[in-house]
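All chains should be built: construct the whole structure from the sequences, respecting the hints.
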Amino acid sequence: MLTLQFVPYSEIEYISSVGRIRKLLNIAKENRIVLLEGRLRKEEETELIKATMEEINKDFKGIELSVIYPNKKESDLFKRLKRNFVNMLLGDRQGLTIIGPASIVREIKKDPDKIQLLTEEDSKPRKRRKS
Amino acid sequence: MANIFEKFIKAFFKNLFRRKKHIKLGLYGPPNSGKTTLANKICEDWLGESMGKVTNIPHETREIQIKEQISIKSGKKEISFNLVDTPGIATKIDYEDFMKFGLDARKAKKRAKEATKGVIDAIRWLDNMDAVVVVLDATKDPYSQVNITIIGNLEARKIPVLVVANKIDLKKSKIKKVQSAFPQYHVVGISARYGTNVDEFYEALFKVVG
Numbered sequence: 001m002l003t004l005q006f007v008p009y010s011e012i013e014y015i016s017s018v019g020r021i022r023k024l025l026n027i028a029k030e031n032r033i034v035l036l037e038g039r040l041r042k043e044e045e046t047e048l049i050k051a052t053m054e055e056i057n058k059d060f061k062g063i064e065l066s067v068i069y070p071n072k073k074e075s076d077l078f079k080r081l082k083r084n085f086v087n088m089l090l091g092d093r094q095g096l097t098i099i100g101p102a103s104i105v106r107e108i109k110k111d112p113d114k115i116q117l118l119t120e121e122d123s124k125p126r127k128r129r130k131s
Numbered sequence: 001m002a003n004i005f006e007k008f009i010k011a012f013f014k015n016l017f018r019r020k021k022h023i024k025l026g027l028y029g030p031p032n033s034g035k036t037t038l039a040n041k042i043c044e045d046w047l048g049e050s051m052g053k054v055t056n057i058p059h060e061t062r063e064i065q066i067k068e069q070i071s072i073k074s075g076k077k078e079i080s081f082n083l084v085d086t087p088g089i090a091t092k093i094d095y096e097d098f099m100k101f102g103l104d105a106r107k108a109k110k111r112a113k114e115a116t117k118g119v120i121d122a123i124r125w126l127d128n129m130d131a132v133v134v135v136l137d138a139t140k141d142p143y144s145q146v147n148i149t150i151i152g153n154l155e156a157r158k159i160p161v162l163v164v165a166n167k168i169d170l171k172k173s174k175i176k177k178v179q180s181a182f183p184q185y186h187v188v189g190i191s192a193r194y195g196t197n198v199d200e201f202y203e204a205l206f207k208v209v210g
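Residue numbers (the numbering used here), protein chains in the order written: chain A, 1 to 131; chain S, 1 to 210.
No lab work stands behind these hints, which were simulated from the structure alone. Given the structure is predicted, the values throughout are model-derived calculations rather than measurements. Note that the Cβ used here is the ideal one computed from N, Cα and C, for glycine as well. Check the hints yourself; a few may be wrong.
Mimicking DSS-like on lysine-lysine, the simulated pairs with C-alpha atoms at most 25 Å apart in a straight line are [claimed, not checked]:
{"id": "1", "chain 1": "S", "residue 1": "Lys176", "chain 2": "S", "residue 2": "Lys140"}
{"id": "2", "chain 1": "A", "residue 1": "Lys42", "chain 2": "S", "residue 2": "Lys140"}
{"id": "3", "chain 1": "A", "residue 1": "Lys29", "chain 2": "A", "residue 2": "Lys58"}
{"id": "4", "chain 1": "A", "residue 1": "Lys58", "chain 2": "S", "residue 2": "Lys117"}
Computed footprint of chain A on chain S; a stretch qualifies when at least three of its residues, placed anywhere within it, have a C-beta under 8 Å from a C-beta of chain A [said to hold, decoys possible]:
{"id": "5", "stretch": "83–96"}
{"id": "6", "stretch": "106–120"}
{"id": "7", "stretch": "152–162"}
Structure below.
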């Protein structure tokens, strides 16, 4: 059974980068797939990878990570400035970040607006029933 | 007299910075994308020696490797840099994956442990780079988050980037897909293994580093 846990941006808004990464990684280590509203900062994404590597052991193999982000190029300069200003003040709430434990999620395919989660169960050969 | 003095000061500082210009050129990318194969190609072309061991088992390079003072020339242009080959960046490492390549459990676990440390070191070294060549496997999905995270971080640090789509000798390679994934960057398709298109790669390197 897959368990998805939605994390609204408001839950991580006022915590430090270290705290954010800890929180998200702890959920993934409990074998739940994180659906985070918005995205982490770029530096936080690399810190998440670093923290993941530090925690790898025989039970925890790492994570699969993917970010879906609206890639529409806004021609209107005012709209673009407004969006950047809002992101700067309130954090980047646009898009969705998916973090899945590698023991459950084998691969996340992005193309680039569509997203597919390939689970470890999908990759296992199915046994045929004898009739 | 003042004019001569002014010229002397200008020339002095110009030379000072030119001499100080020990550019660190990093090779970054996911595991098995061909970073060490490209490092070997660069070193063989300009130093006459190779840099590191290459195998088809992921995470062969698990420590930062540096080759100092490589000078490459094209006509009157010349650039010198220290080449930094980094371990492949990944979000997961499973020792059982190494066992599929014939390694026993003990060696596979050791390799996995070293590989995790290698990823951490590669990320730590990002801040030391003056320019980076991101080496991607052109037969693989370029939209993987590791690629996007590496390039995004370099962009945030204002480090010049050249994207290389490697393994173009393989039928499955798709340079256009890499180009459409990173339209803001110059993408050079090469085969580091066979030396295909490396001249174009060196030209692009002059633009990024020079």
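The hints, checked one at a time:
Note on Lys176 of chain S and Lys140 of chain S: the hinted pairing holds, with a Cα-Cα distance of about 12 Å set against a maximum of 25 Å. A C-alpha spacing of about 23 Å is found between Lys42 of chain A and Lys140 of chain S, which places the hinted pair at or below 25 Å, so the restraint holds. Taken as a hint, the Lys29 of chain A and Lys58 of chain A pair is honoured in the structure, with Cα atoms around 12 Å apart against an allowance of 25 Å. Note on Lys58 of chain A and Lys117 of chain S: the hinted pairing holds, with a Cα-Cα distance of about 15 Å set against a maximum of 25 Å.
With 6 residues having a Cβ less than 8 Å from any Cβ of chain A, the stretch 83–96 of chain S passes the three-residue criterion, so the hint holds. A stretch counts as covered by a chain when three or more of its residues have a beta carbon under 8 Å from one of that chain; for the stretch 106–120 of chain S and chain A the count is 5, and the coverage holds. Remark: the stretch 152–162 of chain S is confirmed as covered by chain A, as 4 of its residues place a Cβ nearer than 8 Å to a Cβ of that chain, reaching the required three.
Every hint, counting from the list given before, is met by this structure.
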